[in-house]
Amino acid sequence: MSNLVDEVPGLLSVAVVSSDGLLLLSSDPEQNLGPATPAVRQDGPKGSSADLATIVSGLASLTQGAAKLMDGGGVKQTMIAMESGSVFVMSISDGSLLGVHGSPDCDMSVVAYHMALFVGRAGHVLTPELRSELRKSLESAL
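Last residue of the sequence shown: 145 (the working numbering), numbering continuous.
Read the hints as simulated data drawn from the structure, not as lab findings. As the structure is a prediction and not an experimental result, all values here were calculated from the model. Glycine included, every Cβ here is placed at the ideal spot set by N, Cα and C. Each hint should be verified, as a subset may be incorrect.
Pair by pair, the computed Cβ-Cβ distance ranges are [said to hold, decoys possible]:
1. Ala-69 to Ser-96: 15 to 23 angstroms
2. Asp-74 to Lys-139: 35 to 43 angstroms
3. Asp-74 to Ser-143: 40 to 48 angstroms
4. Ser-143 to Gln-67: 30 to 38 angstroms
Could you build all of it, start to finish, from the sequences and the hints given here?
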């Protein structure tokens, strides 16, 4: 995940979130496989992968609801452009999501391209069985 941030200019953080909102992977190694933290945090910078996971989960719920109301089918990608940055969300598989926080000067088409490459390479790996194994290993480590 950190390679994605290093290779794509303007990316600040990256998170892979399960369909139930669990942060699976992130560009912040210390956050990997931990539960998404509450919106009000006492540690870490704003915009970290844990914050991004919370945002991605909320956006997914909102956009999926909108798609259902509009008979639009499944949501493939969501992008929010702000004055001071961008947030991109892309479906990976069976409800899991890739979320990216970009700087204001990131090239949105380059970010979307690299996200699609990542989803193509990693999407088949993030199966429900793997997520279950990751959760069990986390629980046993605690």
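Status of each hint after checking the structure:
1. Ala-69 to Ser-96: 15 to 23 angstroms: Since the Cβ atoms of Ala-69 and Ser-96 sit about 21 angstroms apart, the hinted range of 15 to 23 angstroms holds.
2. Asp-74 to Lys-139: 35 to 43 angstroms: Holds - the Cβ-Cβ distance for Asp-74 and Lys-139, about 39 angstroms, lies within 35 to 43 angstroms.
3. Asp-74 to Ser-143: 40 to 48 angstroms: About 44 angstroms separates the Cβ atoms of Asp-74 and Ser-143, which means 40 to 48 angstroms holds.
4. Ser-143 to Gln-67: 30 to 38 angstroms: holds (33 angstroms)
In this structure, every one of the numbered hints holds.
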